[in-house]
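Line by line, the protein sequences are chains A and B.
FYI, numbering that gives the first Met the number 0 numbers position 20 of the first sequence as 19, with every residue one higher than the one before it.
FYI, numbering that gives the first Met the number 0 numbers position 155 of the second sequence as 154, with every residue one higher than the one before it.
Don't take each hint at face value.
[To be verified] Here chain B is said to cover these stretches of chain A; the calculated rule only asks that three of the stretch's residues, wherever they fall, bring their Cβ under 8 angstroms from a Cβ of chain B:
no.	stretch
1	19-32
2	35-42
[Claimed, not checked] Computed Cβ-Cβ distance ranges for the label pairs, DEER-style:
no.	chain 1	residue 1	chain 2	residue 2	range
3	B	Pro429	A	Leu30	15 to 23 angstroms
4	A	Trp34	B	Ala162	44 to 52 angstroms
5	B	Leu45	A	Leu16	44 to 52 angstroms
6	B	Gln49	A	Val26	31 to 39 angstroms
7	B	Arg54	A	Ile35	41 to 49 angstroms
8	A	Trp34	B	Leu101	31 to 39 angstroms
9	B	Leu130	A	Arg13	45 to 53 angstroms
10	B	Thr399	A	Arg13	17 to 25 angstroms
11	A	Gly41	B	Ala363	32 to 40 angstroms
12	A	Leu30	B	Leu79	21 to 29 angstroms
13	A	Arg13	B	Ala395	37 to 45 angstroms
14	B	Val46	A	Gly41	19 to 27 angstroms
15	A	Leu30	B	Glu209	43 to 51 angstroms
Source of the hints: derived by calculation from the structure; they are not laboratory data.
Note that CB positions come from ideal geometry on N, CA and C, so glycine has one too.
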Amino acid sequence: MAAEALAILPPLARFFLALLLVILVTVSTVLFTYWIMKGSGGE
Amino acid sequence: MPVGDIEFPVIGNDALIPVLVVPHILIAAFVIGMSLIAPVSEYLGLVTKQPHYDRFARNAAKFTILIFASGSALAITFVLMLITLYPVFWSYLQNIMFWALLAEAFMFVGEIILLYAWYNAWDRMAYRKRLHVVFGFMAGLFGLAQQTFINVVGSYMLTPSEAPATNVGATFLNPTFVPLNMHRFVGNLSYVGFLIAGWAAWRYLRSTGENDREYYDWMGHFGLLWGFGFLLLQPIIGYGYLKSIREHNPAAFDYLMVGEKSWLFNLLAIELAVMGVAGVAYFLHRLRFAVRPMPALRGAAAGALGFMAVFGALNAIPADANLVPQIGLVFAGGERTQIPLGDMYPWKYIGLIGMTFAGLFVLALYLRATARGFHWGRSSRWSQYALILVAATVVATMMTMGYARETSRRAEGPGYLINGCITLDQKITPETCPPVTGGSL
Chain A
0 MAAEALAILP PLARFFLALL LVILVTVSTV LFTYWIMKGS GGE
Chain B
0 MPVGDIEFPV IGNDALIPVL VVPHILIAAF VIGMSLIAPV SEYLGLVTKQ
50 PHYDRFARNA AKFTILIFAS GSALAITFVL MLITLYPVFW SYLQNIMFWA
100 LLAEAFMFVG EIILLYAWYN AWDRMAYRKR LHVVFGFMAG LFGLAQQTFI
150 NVVGSYMLTP SEAPATNVGA TFLNPTFVPL NMHRFVGNLS YVGFLIAGWA
200 AWRYLRSTGE NDREYYDWMG HFGLLWGFGF LLLQPIIGYG YLKSIREHNP
250 AAFDYLMVGE KSWLFNLLAI ELAVMGVAGV AYFLHRLRFA VRPMPALRGA
300 AAGALGFMAV FGALNAIPAD ANLVPQIGLV FAGGERTQIP LGDMYPWKYI
350 GLIGMTFAGL FVLALYLRAT ARGFHWGRSS RWSQYALILV AATVVATMMT
400 MGYARETSRR AEGPGYLING CITLDQKITP ETCPPVTGGS L
């Protein structure tokens, strides 16, 4: 199943999907941290 | 494998690792750079008695400890994934790098203790500020040592020592370890400086109170000084790093500089040009608000901006029409079409040295104006957009260069996890690998 899904995606699509995930993880982590920071009176 | 091969769905095992590592590195580099810059700021506040230094350092410390937790969680998840998905590679690497990784783990502990103690004791040690600053610097040094130990591992993967792995000194001081360590040390400070500048610009644009506008205007300047100043060292140190890669892993060097992935360095040249031009444009704008007006200085800085743009554009010219073969961006017969001014020698040397000198020139002028002071809180919106642009560009640069270092191990043969020793699908290749324990593996 997983191998089939892999076979469908060409390397370039995997590259961009991975890049998108990197951006998502980083941005959400930073936003989460900022939210905590703001909630505790930081700037 | 006794437990069967696990394949991560959709993106695959090899793409899962960067999905965890790249965010980790972006956060870890931030933590390490910030835990050096913030204590410096706190110390400057102590020496100059200007309150914005301490305000900045305290908020920086708070944000650092908050994001440290998420960054570490990503690191742990990444190591777990290595153990599960790359067990042969990981046990092999862990065996060779036992002491470096053990030291690395303890540096984490030291960093956590000191970073949290530093932030938590801010008020309690208000009258023992000098000792308090030492806490911050110690946290920074632990972070730096931690990065040093992981650099041993990272550089060894690209250029394993010729000596047996039991030769701890040779393994530790493998050929690209020292230049990589210098490159990342300087890079972290520059990266964090640009991020501070970008954040300050964002807050400046949204501030309404005079006090906040002055503070964030100053903070943008402070961040850019770190970012731009340390960026100017990177062409020299980066050149040294690539030179050592060329000497010890020529296939990786060719792959990156003249081969299939040379577009990464074209991209880097564009990113450098953006950071150089936007940085100098900001300095030029800020000189308008010098306490003592300096028209001659501004004229010279405007000239340097022109030089920066010309040299930056020169660096970005590709050598041939084989631009990005992976996505089919090839025209006019690819490598057969040489583009004028695209050669490394002499054009890129002229471009890089030119950018460095133009940058140093402007920085010297700007620091001269800084010594006399600025009027804060009056910067234009566009100068702040320039700061946000450099912050976004530096993140892209970190990702470009991180990818370049890791992908360069695909240059030879089947592609390696540890160059010449373990292939991408975890086959050990003793015939091309330095002996591990004196004899062959």
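Each hint tested on the structure:
no. : hint                                   : result
1   : 19-32                                  : holds (count 8)
2   : 35-42                                  : holds (count 5)
3   : B/Pro429 / A/Leu30: 15 to 23 angstroms : 48 angstroms, violated
4   : A/Trp34 / B/Ala162: 44 to 52 angstroms : 50 angstroms, holds
5   : B/Leu45 / A/Leu16: 44 to 52 angstroms  : 49 angstroms, holds
6   : B/Gln49 / A/Val26: 31 to 39 angstroms  : 33 angstroms, holds
7   : B/Arg54 / A/Ile35: 41 to 49 angstroms  : 19 angstroms, violated
8   : A/Trp34 / B/Leu101: 31 to 39 angstroms : 36 angstroms, holds
9   : B/Leu130 / A/Arg13: 45 to 53 angstroms : 52 angstroms, holds
10  : B/Thr399 / A/Arg13: 17 to 25 angstroms : 18 angstroms, holds
11  : A/Gly41 / B/Ala363: 32 to 40 angstroms : 35 angstroms, holds
12  : A/Leu30 / B/Leu79: 21 to 29 angstroms  : 25 angstroms, holds
13  : A/Arg13 / B/Ala395: 37 to 45 angstroms : 20 angstroms, violated
14  : B/Val46 / A/Gly41: 19 to 27 angstroms  : 25 angstroms, holds
15  : A/Leu30 / B/Glu209: 43 to 51 angstroms : 28 angstroms, violated
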